[in-house]
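Asks: Generate coordinates for the entire structure from the input sequences, incorporating the hints supplied.
Protein chains in written order, with our numbering: chain P, 5 to 374; chain V, 24 to 621.
No wet-lab data here; the hints were simulated from the structure. Among the hints, erroneous ones may be present.
Claimed, not checked - Footprint (simulated), chain V over chain P, 3 or more residues, beta carbon under 8 angstroms: (1) 98-109; (2) 263-273; (3) 320-332; (4) 353-364.
What the hints assert, rightly or not - Computed list of lysine to aspartate or glutamate pairs in DMTMM-like fashion (alpha-carbon distance at most 20 angstroms, straight line): (5) V:Lys436 / V:Glu404; (6) V:Lys591 / P:Asp306; (7) V:Lys87 / V:Glu211; (8) V:Lys587 / P:Glu302; (9) V:Lys576 / P:Glu96; (10) V:Lys576 / P:Asp160; (11) V:Lys421 / V:Glu435; (12) V:Lys597 / V:Glu328; (13) V:Lys593 / P:Glu328; (14) V:Lys591 / P:Glu216; (15) V:Lys585 / P:Glu303; (16) V:Lys593 / P:Asp353; (17) V:Lys585 / P:Asp306; (18) P:Lys338 / P:Asp353; (19) V:Lys597 / P:Asp332; (20) V:Lys596 / P:Asp366; (21) P:Lys232 / P:Glu215; (22) V:Lys271 / V:Asp212; (23) V:Lys591 / P:Asp366; (24) V:Lys506 / V:Glu537; (25) P:Lys340 / V:Glu514; (26) P:Lys171 / P:Asp90; (27) V:Lys585 / P:Glu302; (28) V:Lys351 / V:Asp335; (29) V:Lys597 / P:Glu303; (30) V:Lys593 / P:Asp306; (31) V:Lys549 / P:Glu328; (32) P:Lys276 / V:Glu590.
Just so we're clear, the structure is a prediction, and the values are computed from it rather than from any experiment. Cβ coordinates follow ideal geometry from the N, Cα and C atoms, glycine included.
For reference, the chains in residue letters:
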Amino acid sequence: MSNPGLYIHIPFCRSKCPYCGFYSIASSSHVSRYLAALKKEIAFYKGRFGPFDSLYLGGGTPTLLEVKDLEGTLNCLYENFDFSVDMERTIEANPCDMTHEKISGLRLLGFNRINLGVQSFNDEELAFLGRRHNGREAEDALEGLRLAGFDNMGMDLIYGLYGQTIKGWMETLKKAVSFAPEHLSCYQLTIEGGTVFWRMKEKGILEPLTEEEERSFFVATSGFLEDKGYIHYEISNFARKSSRFSRHNCKYWRRVPYLGLGPSAHSFNGDKRWWNYRSIRRYCEALEQGNMPVEGDEELSDEQKRMEIISLGLRTRRGVDMRELGHDPGLSGKIKVLIESGHVKIFNDRVIPTREGYVVADRLPLYFFM
Amino acid sequence: MPNIRNFSIIAHINHGKSTLADRLIQMSGLVDEREFRDQILDDMDIERERGITIKSRSITLAYKNSKGEDFELNLIDTPGHVDFSYEVSRALASCEGVLLVIDASQGVEAQTVANLYAAMEYDLEIIPVINKIDLPSADIEMVKEQIEVDLGLDSDQTILCSAKEGRGIEDVMEAIVEKIPPPAGRIEDPLKALVFDAHYDSFRGTIVSCRLFSGTLRQGDMIRFMSNKSGYKVEETGIFHLKRVPTKGIVAGQVGYIIAGIKAVSDVRIGDTVTLDNSPAPEPLSGFREAKPVVFSSIYPISSEDYSTLADSLEKYKLNDAALVYQKDSSAALGLGFRCGFLGLLHLEIVQARLEREFGQSIIMTVPSVEYHFRLNSGEEIKVDNPLYYPDPAAIEKSLEPYIRTSILIPEKYMGAVMELCLERRGENTRFSYPTPGRVEARFDLPLAEVLYDFYDRLKTVTQGYGSFDYDMLDYRETDLVKVDIFVNGERVDSLSQIVCRDRARARALHICERLKEEIPRHMFKIAIQGAIGGNIIARTTISPFRKDVTAKCYGGDITRKRKLLEKQKRGKKRMKMVGSVAIPQSAFVAVFKSEDK
Chain P
5 MSNPGLYIHI PFCRSKCPYC GFYSIASSSH VSRYLAALKK EIAFYKGRFG PFDSLYLGGG
65 TPTLLEVKDL EGTLNCLYEN FDFSVDMERT IEANPCDMTH EKISGLRLLG FNRINLGVQS
125 FNDEELAFLG RRHNGREAED ALEGLRLAGF DNMGMDLIYG LYGQTIKGWM ETLKKAVSFA
185 PEHLSCYQLT IEGGTVFWRM KEKGILEPLT EEEERSFFVA TSGFLEDKGY IHYEISNFAR
245 KSSRFSRHNC KYWRRVPYLG LGPSAHSFNG DKRWWNYRSI RRYCEALEQG NMPVEGDEEL
305 SDEQKRMEII SLGLRTRRGV DMRELGHDPG LSGKIKVLIE SGHVKIFNDR VIPTREGYVV
365 ADRLPLYFFM
Chain V
24 MPNIRNFSII AHINHGKSTL ADRLIQMSGL VDEREFRDQI LDDMDIERER GITIKSRSIT
84 LAYKNSKGED FELNLIDTPG HVDFSYEVSR ALASCEGVLL VIDASQGVEA QTVANLYAAM
144 EYDLEIIPVI NKIDLPSADI EMVKEQIEVD LGLDSDQTIL CSAKEGRGIE DVMEAIVEKI
204 PPPAGRIEDP LKALVFDAHY DSFRGTIVSC RLFSGTLRQG DMIRFMSNKS GYKVEETGIF
264 HLKRVPTKGI VAGQVGYIIA GIKAVSDVRI GDTVTLDNSP APEPLSGFRE AKPVVFSSIY
324 PISSEDYSTL ADSLEKYKLN DAALVYQKDS SAALGLGFRC GFLGLLHLEI VQARLEREFG
384 QSIIMTVPSV EYHFRLNSGE EIKVDNPLYY PDPAAIEKSL EPYIRTSILI PEKYMGAVME
444 LCLERRGENT RFSYPTPGRV EARFDLPLAE VLYDFYDRLK TVTQGYGSFD YDMLDYRETD
504 LVKVDIFVNG ERVDSLSQIV CRDRARARAL HICERLKEEI PRHMFKIAIQ GAIGGNIIAR
564 TTISPFRKDV TAKCYGGDIT RKRKLLEKQK RGKKRMKMVG SVAIPQSAFV AVFKSEDK
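Replies: The following block contains the structure:
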């Protein structure tokens, strides 16, 4: 898994969801200008990156694009980059867009993995989250995708909503599992800066969960899905088997290089990280004038690389190689304490977080930086 | 030197000393309206914030008296707090007279008396000044009676003024010129200059403040410090207005400064005598009473790499605060540091604040202690001011702790409250006297350790600000002492150990445990904080662990954002001390010796 991954950001949505912090605009008037600029960016990286073995169309709402626009973009990618034969080709899909035509279009375009933004099967919760679909439509979309032959399906769910009970959440999870998805991403609701929920929280309208409640949700989710045979392979990600892990997302966590195209997209080549403007206008203007749409970059020091290896590794079941943890003479003592407290275990010379470790994964790495 | 007057203003804290100094400075025309600010001599931030004077300073004022003669008045401002009486004695040694300022509504207070005795010791002319006569509660007749009875001074000679409103300032100036004798020294005699202050300037080296008792000093002269014979060539002499003003020379009777390219900070000792190399004085001036530290605490750099810059800072700091004494120290929990002796708890706080502000040092101070004496079974007697060196309890035959004699002046109605406070603090041998109707002077013998923490604050509280307090060291008395150790997850934090009276041990231990619980952030695991005497746990608290601390998303490929957050947390952690696997913030070490009352 050392081939790089390719990410394309499609920054358009029908409407903005109040919890989402990713960059997108609720208008499709700039689509053609954007796609033209994107092609320029693709052309720039020709011969500089690849061959890729994962392609991920995210957003935003990639399925908002018409099939012919998606096709044009993919063709441009095929002309400029090399790809491996067994490439994972994922597209994030919105249940609302899953018409018969769109589903067969995606199939024909060669996508072999769908990540469906279900979020919940409960209509009230969906309304609270500002989603345009209802539970029934989500179920229809799942059935339609299966019927069309997609055999690697992922589903996004959000839990820990204001007023939600663990029992209610379990109902959603049971419904999700009944479709036997190969992959599940269960995200605890996080209030991101700049979102509608953030402003509501500031005003005191939205009361966040207590730490203890958040913990209960997390532990219940992990317990339930592991009982159902899923592997809890990353803080918020579950898969039926290791071959169904999100190959593309694993690159972020394992620090395998990736190229991100489109506004706000991030890239990494092993030593350096860079990121594009978080604005369609500035992104397009830069490319139209023959410039790179890069807003910033950073060269990583050895210490920073080490921090990333440890902090990202401890968020996954793969853990961190003991040798990566440094040569601190107190290291084995530190690990011993964490084993005794039940936060990690050792397997094949790797420090692996347990469920208890996952729950405090933002703290764990700090332990090794002293 | 008929036209020079060297004087100081002494007063109980808050009786208006700095305001009177402000008016005298304004009247001499040294500053214009635009430049003027209150408490103008107190140029340290910390003095202005707290409204107190910590350091003595001198300033030369020009004055034309009613007969049209010109005078040079050297004012040496002094601190009022009991901790700094040492600074006062240094200032007094440079003067011929003092203004004894008394608040018209508060009357004579404990420090008024203490300061008066200090001035008498130096044989100074004393001019009583009743200040704040504008206050509605001013009772001039009562204060005059106190001046006669409590102080034994002639109340007819008293000057009335209101420094705040600028009333009576002219009278004060006239009295300084009329009553305070001119300095006696002869210009022709060999140079004798008393060093009463010094501070370090990174461009000019050490700047020495001195009072010339005899002789003359000019630019280019070779000087010699009489205590260590070190010699320097004078680059500049001058006097103090609000800033340094260079002069051609300074002569007997004057107060001024010397700049002589003195790079070796340790060459300058406060109280030393400066003389000329080619015609030295036969013997030095008598100098000052050595400041005797009564409170001890260790200072450690937060980051052990900063040890050498801390050492350098302390050396420079000491120039300006001769009362601080220190020596090397080390702790298992905190590494290399310094054991310091202070004049009192306020002095300790000031040293800490000045090291942090003026020298940019990040430090941790350990729990203050007094000096205990132990007689061992072997017959050997040892002195211990650092709990690290507490002897094996089985080897102790007898323990002694220092006692002070306190004098507390209060309006009669607070007698009960003050009695209670003193009993709570193990006060003994209580005596009362009634200097004037309605006022009580309470005297107690108190263990010094009991006033270390917050006695002064508590006294102010129970007397609604009317109680005033002064003390003298008394003697050592037998007592039952134990050492309380603090353990964090089973590891002893040696810098938090304390020697305390057995009866108070449990309360102290619990207080420390609770404070640590408030200050130490949560960890991934449970933290047990225990207080123990020997192997006996006498207090404990626990800090519950993080129950959940993880963000759901990694923001797609934006790893930078996540890492930056981590880097910030890591930096925060660097400012903490690791004890075993527990990170203890600096604030925790400070909080444990703050007041027990919330």
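Asks: Could you run down the list of hints and mark each one as holding or not?
Replies: Going through the hints against the structure:
1. 98-109: violated (count 0)
2. 263-273: holds (count 5)
3. 320-332: violated (count 0)
4. 353-364: As far as the region 353-364 of chain P goes, the hint holds, because 3 residues have Cβ atoms under 8 angstroms from chain V.
5. V:Lys436 / V:Glu404: violated (45 angstroms)
6. V:Lys591 / P:Asp306: holds (17 angstroms)
7. V:Lys87 / V:Glu211: violated (27 angstroms)
8. V:Lys587 / P:Glu302: holds (12 angstroms)
9. V:Lys576 / P:Glu96: Status holds; Cα separation ~16 angstroms.
10. V:Lys576 / P:Asp160: Cα-Cα ~12 angstroms, so holds.
11. V:Lys421 / V:Glu435: violated (39 angstroms)
12. V:Lys597 / V:Glu328: holds (12 angstroms)
13. V:Lys593 / P:Glu328: holds (18 angstroms)
14. V:Lys591 / P:Glu216: Violated - the C-alpha atoms of P:Glu216 and V:Lys591 are around 25 angstroms apart, more than 20 angstroms.
15. V:Lys585 / P:Glu303: The hint holds at about 16 angstroms.
16. V:Lys593 / P:Asp353: The given pair, whose Cα atoms are some 26 angstroms apart, is violated under the 20 angstroms limit.
17. V:Lys585 / P:Asp306: Roughly 17 angstroms separates the two Cα atoms, so the pair holds.
18. P:Lys338 / P:Asp353: Satisfied, since the Cα-Cα distance of roughly 15 angstroms is no more than 20 angstroms.
19. V:Lys597 / P:Asp332: Holds: V:Lys597 and P:Asp332 sit about 16 angstroms apart, inside 20 angstroms.
20. V:Lys596 / P:Asp366: holds (14 angstroms)
21. P:Lys232 / P:Glu215: violated (26 angstroms)
22. V:Lys271 / V:Asp212: holds (19 angstroms)
23. V:Lys591 / P:Asp366: At roughly 13 angstroms apart (the allowed maximum being 20 angstroms), P:Asp366 and V:Lys591 satisfy the hint.
24. V:Lys506 / V:Glu537: holds (18 angstroms)
25. P:Lys340 / V:Glu514: holds (17 angstroms)
26. P:Lys171 / P:Asp90: Not OK: P:Lys171 and P:Asp90 at ~40 angstroms, beyond 20 angstroms, violated.
27. V:Lys585 / P:Glu302: holds (14 angstroms)
28. V:Lys351 / V:Asp335: holds (13 angstroms)
29. V:Lys597 / P:Glu303: Violated, at roughly 23 angstroms.
30. V:Lys593 / P:Asp306: Cα-Cα ~16 angstroms, so holds.
31. V:Lys549 / P:Glu328: violated (27 angstroms)
32. P:Lys276 / V:Glu590: holds (17 angstroms)
Figure legend: structure checked against the earlier numbered hints; hints not met, in rising order: 1, 3, 5, 7, 11, 14, 16, 21, 26, 29, 31.
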